[in-house]
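Whenever a hint applies, use it, and build me the whole structure from the sequences.
Heads up: the protein sequence lines correspond to chains R and Z, in order.
Each residue of the first sequence is one higher than the last, beginning at 1460 in this note's numbering.
Each residue of the second sequence is one higher than the last, beginning at 1460 in this note's numbering.
No lab work stands behind these hints: they were computed from the structure.
Check each hint, because a few of them may be wrong.
For lysine to any residue, the following SDA-like pairs were computed, each having C-alpha atoms within a straight-line distance of at most 20 Å [as the list claims (entries may be wrong)]:
| no. | chain 1 | residue 1 | chain 2 | residue 2 |
| --- | --- | --- | --- | --- |
| 1 | R | 1772 | Z | 1489 |
| 2 | R | 1772 | Z | 1470 |
| 3 | Z | 1772 | R | 1585 |
| 4 | Z | 1772 | R | 1772 |
Letter by letter, the chains look like this.
Number of protein chains: 2
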Amino acid sequence: MHMRASEDELIAAIGKVLSGAGPGVVVGPGDDAAVLARPSGELVISADVLVEGVHFDLALTSARDLGYKAIAVNVSDLAAMAASPRAAVVTLVLPTSTEDAWVIELYGGMREACDEYALWLVGGDLSRGPAVSVSVTVTGEVAPGRAITRAGARPGDILVVTGRLGASAAGLRLALDGRAPSTALDRALLRAHFRPVARVGEGGALAAAGATAMMDISDGLALDLSRLCAASGVGARLTVSDVPLADGATLDDGLRGGEDYELLASLPDLGSVHAARAAIADTFGVPLTAIGEITPDGLTAVTDGREATLEAKGWDHFGGA
Amino acid sequence: MHMRASEDELIAAIGKVLSGAGPGVVVGPGDDAAVLARPSGELVISADVLVEGVHFDLALTSARDLGYKAIAVNVSDLAAMAASPRAAVVTLVLPTSTEDAWVIELYGGMREACDEYALWLVGGDLSRGPAVSVSVTVTGEVAPGRAITRAGARPGDILVVTGRLGASAAGLRLALDGRAPSTALDRALLRAHFRPVARVGEGGALAAAGATAMMDISDGLALDLSRLCAASGVGARLTVSDVPLADGATLDDGLRGGEDYELLASLPDLGSVHAARAAIADTFGVPLTAIGEITPDGLTAVTDGREATLEAKGWDHFGGA
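As structure tokens, then:
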């Protein structure tokens, strides 16, 4: 049996884990709303929700990893706009069976990610409910007119991707297997799934190199590439053998596995690819790989010199049929 | 049997209901994040989640009212800071049994409230889950240094409240009774519960009149007053007979019923009370009532000339014990 804190008491305990007043935080957690100093650029805002049984399994993830991931996947959306993170608010739904210590650990993981991405956790809300869900809204800033949307890709642009794909899907498979991780590779794959990295600096470097369109790969390369093409009103030709796969990942993991949170971008020419690659490799030690090109229409994949339709299929949290 | 839209299809249908590009919306819904023009003041941000079975019952509320309320209760938090609404993002968790038409109606209600409060709905996320939950984050603006927190009340300040209290609790009781509303009063009480009004203009008028502290009453006057006192490090003496009750509401509804979303504020003197009352009555036709005063410490209620401890008890979504 454990004591159940009332809402105000739990919020006070959480308050000790939160970021508190940082630079630019005029009013922090605990009031009706938080107040932040006037942004120096345009305001970028995004929200994602993670739901027990859909996005995570409480038997597989620790509270700390879940908190970390909930922040990181949202920061990834800021990175995809070439924005700098500023502040986050979180609404949390918890079953009555959830231990307060688990909740504090969850906030500890959120705080850890916030520290890593220079983000301030300034408020939110708590409620009871039938399953754990963690809804995060992040705000960031970008110089006026400098946000990179999905909509600017033009035929002839070169498609690039940061990092290597498929590690998250391979890590999830490993976690579902249930055996203890025995190698450094196992641990790297599990980490890719439970502690994804948001490519904030890389997004800035791609924008500086002239990216015409950008997004993060959350639902698999094939599906997300189709979304970038739809937003830009263009097509794409993907060179399958050039898709950089993570060690331990299959081609299907790389094309259709979700939650890699690498950046997919289009760049206008080889010079901009070289510039972006140099900046990203030098500063972050992360590869940048050309994987195809933007075409006027259609979505195709070239395998062994043969071109075929690329099925825009991947992770859909809403399911089909 | 009904066709189930995939996530992208449902999002496209929702997109038609959303606000689209308004003044100050640089990038609207559909990209990795939304982009808003640089705010002219400080950024105010707040989030609240409404969960099926905790905050609402799908058998009692319509999708449209639920959407409206989810926005209004969040705007109320901006009003409590004396901020002007700017943009909202929504994350929605839906069981597989939810009809797409219901979801579109929900967004219709959100859109209606956004139009009423000059708020732009610029993005969000959808997920499956075991129960409906609607998490809304709102952003607003306030002139630098002009946000009114809960923390500035000083002994001697006069406590005021907008509107009349208890209508939401009385409306919920009526809805739970299950009989059809038969009078104008019945309809007004139901409306108070299902379509609460955020006091945005009133918050601005209270700030202009010199409010030292302010909050919205979401969990009942007694509990929320205790929170304002705790944040300010003061006490309060409430004159029970002065608490303005809505027609059809009991004293308990007024003191401990939740979800009225009226504003509770402290003002430094009678002159500022008169100024705020005149502005609010003239412009909005809403009463402003003095209900007590701020004291150095303790929380008491005066009834028939006798002073007793006011129990800080009200609506706690997290329950006790």
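Checked hints:
1. R:1772 <-> Z:1489: With a Cα-Cα distance of about 18 Å, the restraint between residue 1772 of chain R and residue 1489 of chain Z holds, given a limit of 20 Å.
2. R:1772 <-> Z:1470: Answer holds: residue 1772 of chain R to residue 1470 of chain Z is near 17 Å, not above 20 Å.
3. Z:1772 <-> R:1585: holds (18 Å)
4. Z:1772 <-> R:1772: violated (52 Å)
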